[in-house]
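S.K.: What follows is the residue order along each chain.
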Amino acid sequence: MSDTSHDPNQMTGAAMIVRALIDHGVQHIFGYPGGAVLPIYDELFQQSDVEHILVRHEQGAGHAAEGYARSTGKPGVVLVTSGPGATNMVTPLADALMDSIPLVCITGQVPTHLIGNDAFQECDTVGITRPCTKHNWLVRDVNDLAKVLHEAFYVASSGRPGPVVVDVPKDVQFATGTYHPPRKSDVHLSYTPRLKGDATQIRKAVALLASAKRPVIYSGGGVVNSGIEASRLLRELVEVTGFPITSTLMGLGAYPASGKNWLGMLGMHGTYEANMAMHDCDVMLCVGARFDDRITGRTDAFSPNSKKIHIDIDPSSINKNIRVDVPIIGDCANVMGDLLQVFKAEAKRPDIKPWWQEIAKWRARNSLSYKKNSDIILPQYAIERLFELTRGRDTYITTEVGQHQMWAAQFFGFEEPHRWMTSGGLGTMGYGLPAAVGVQVAHRDSLVIDIAGDASVQMTMQEMSTAIQYELPIKIFILNNQYMGMVRQWQQLLHGNRLSHTYSEALPDFVKLADAFGCVGIRATKPGDLDGAIQEMIDVKRPVLFDCRVAALENCFPMIPSGKAHNEMLLPAEANDEATAAAFAGGKALV
Amino acid sequence: MNQPASAYFMEDRHDPIESHTLSVLVQNEPGVLARVIGLFSGRGYNIESLTVSETENQKHVSRITIVTTGTPMVIEQIKHQLDRMIPVYRVVDMTLTGRSIERELAMVKLRGTGEHRVEALRLAEAFRARVIDATTESFVFEITGNSAKINQFIDLMRPLGLVEVSRTGVAAIARGPEGM
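Quick note, the sequences are listed as chains A and B, same order. Numbering-wise, this note's numbering puts 194 at position 196 of the first sequence, and it's gapless, one number per residue. Whatever position you read off the second sequence (first residue = 1), add 96 for this note's numbering.
Keep in mind that the hints were calculated from the coordinates and are not lab data. A couple of the hints might just be wrong.
Unchecked claim - Below, in silico cross-link-like pairs of lysine-lysine (DSS-like), each with a Cα-Cα straight-line distance of 27 angstroms or less: (1) Lys72(A) <-> Lys194(A); (2) Lys205(B) <-> Lys245(B); (3) Lys202(A) <-> Lys175(B); (4) Lys175(B) <-> Lys194(A); (5) Lys182(A) <-> Lys72(A); (6) Lys155(B) <-> Lys182(A); (7) Lys305(A) <-> Lys175(B); (8) Lys155(B) <-> Lys145(A); (9) Lys539(A) <-> Lys510(A); (10) Lys175(B) <-> Lys155(B).
Construct the complete structure from the given sequences, taking the supplied hints into account.
M.R.: The following block contains the structure:
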């Protein structure tokens, strides 16, 4: 045998992929085999460093990897085959791009010589995924594979995190080439995310903060993405300045819900005090959020009298929707660290007592109140009880998308970051169940609950089977109102109560379905039974489908009606038919 | 405020529309042009003209010149969105720097005889356009200049038997000793 045959870096493309996963510390990947990835699956079979979780549908793999990533801070890894395997991944990739979740997705591709020939299970994967990834690669030469894989991990997890795709034709997987471990030169010279904030801008920001009379801190998912240090610094910033703080859906947990400066979530279904504070403030400090349209309401009436400071790692987030006065480009933790240092050295916390008194009046409106009911379980009550009964436990919450998601955000208090996994930007129904699978894979002994709706949960229900196979005791807590509640709510408010196709006439019996999957089914229909049923769900060490029958026509309030500003919220106490009709008067023309 | 009922906030924006010329240095690799064009179509930006060619063969660097239109906020977005793409080295707004030179090349084909031919040649001379192909009944002119000059030339050729035009799109470079 020649010397080269002993070179440990000479290996097939398929072996390089597994080797790269190991070199990047990957312990779990989510995937589904198929023709174009068989060589990689063959390599996986012959090793034990990387555990593969077999899902039931590629979309499930993608969302599971998202849940894994968001709950650990490490990139989630997916392996799927060409053609339909890749196209089924499009939704999770788009979801991860919107919510800045690091994913590395490896797709098989037909052999190089067949690309463009409409071969079996061929699709233009890099073309299809280009707009829904941070970057993607088609690897045509096995000797480029190691470099591309290492760059893929770097791009996914650095700067503003996001999903990447590496498309590997089957002949490249079979071919032998030279592998090298990760090194700096693997990355494009043109990719240089900026981490440190500009010192002059930080000084300007401190001056604004120190002179504020009515300040508010508005934080977002960027703080969670930046890592645990960013959340610690955010808490310190609130402590040092004494400012009120609100957060987007994606940022919940970075500041604890039990903290005394917490205003609750802001935006379309945020609290009255959070939105009023945003509207009336004179200085706004936005950290790692992007002025999304669910947050701002009508942009021409958004916080009209404030000076705005915006910390974001992505320059394209600056001035996209709202003009800001002091943009600071950099990593949240890095910038907040510098900002705190300057503030402590050169500034004094301003006296904002009158502002807090004003906020107290808004708080007293109690915008999350709802009428108690002893006969029917109200969805808000169900979440409140779930929160109470899981308090103090090591709990992770995922959600689907809709009313239940907003209620979960409103009524479940998050004390720590990385505990809340939800599809914010893309709004993907069917996200929560597979995401719970991914979270539980990463945290075997924790309590992982998917707060679900009856409609969303059916979109990826097949992944219960994955949970059974890997003994993942996820709890699927379904707020079952037999409606696509959020869509119905909009039909009631905007489309003359014509409930076009939002009622599910035929729902599965979720308890029997649980039985069929081989997990535990629990049903609760009365408020009096709820606590016992939730306790049973928590205690059982197996996957659970929990059918929580809730009031069918309950709607989600408070809310900012479309075309309205933050100070024109519709509160639950006022949301009778007349007030609702008036609030949505702009829509009457179409009613 | 008479907007239709919608789950989205609909607002009319009436900011002025501006035209900007952007120079973009990119890593020359497969798919890079598709990324740039996809960004424009995907986010609803306009492309008035686009030229691309490798400029530094050794380093595999290509230069893309894009003429685009939009409100000042959209133009700013376009630059940031381009700049954050992985293979993009730099984006420079040539219009903002105010010291750039823009040129375009056009080839203009005319068909005609007699008085029209003579007139076309006279105008071509005034515009410093060169004849690069001729038959007894046609000319092809080559003309270089900024877009306005070329537009004007084409307009003048129209009544003289204009057959077709092929234009390169705008290339731009900054005045002075500095590179981008």
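S.K.: If a hint holds in the structure, say so; if it does not, say that too.
M.R.: To see whether the hints hold, each was checked on the structure:
no. : hint                    : verdict
1   : Lys72(A) <-> Lys194(A)  : 22 angstroms, holds
2   : Lys205(B) <-> Lys245(B) : 17 angstroms, holds
3   : Lys202(A) <-> Lys175(B) : 25 angstroms, holds
4   : Lys175(B) <-> Lys194(A) : 21 angstroms, holds
5   : Lys182(A) <-> Lys72(A)  : 19 angstroms, holds
6   : Lys155(B) <-> Lys182(A) : 18 angstroms, holds
7   : Lys305(A) <-> Lys175(B) : 24 angstroms, holds
8   : Lys155(B) <-> Lys145(A) : 18 angstroms, holds
9   : Lys539(A) <-> Lys510(A) : 19 angstroms, holds
10  : Lys175(B) <-> Lys155(B) : 23 angstroms, holds
Against the hints set out earlier in the document, no violation occurs for any number.
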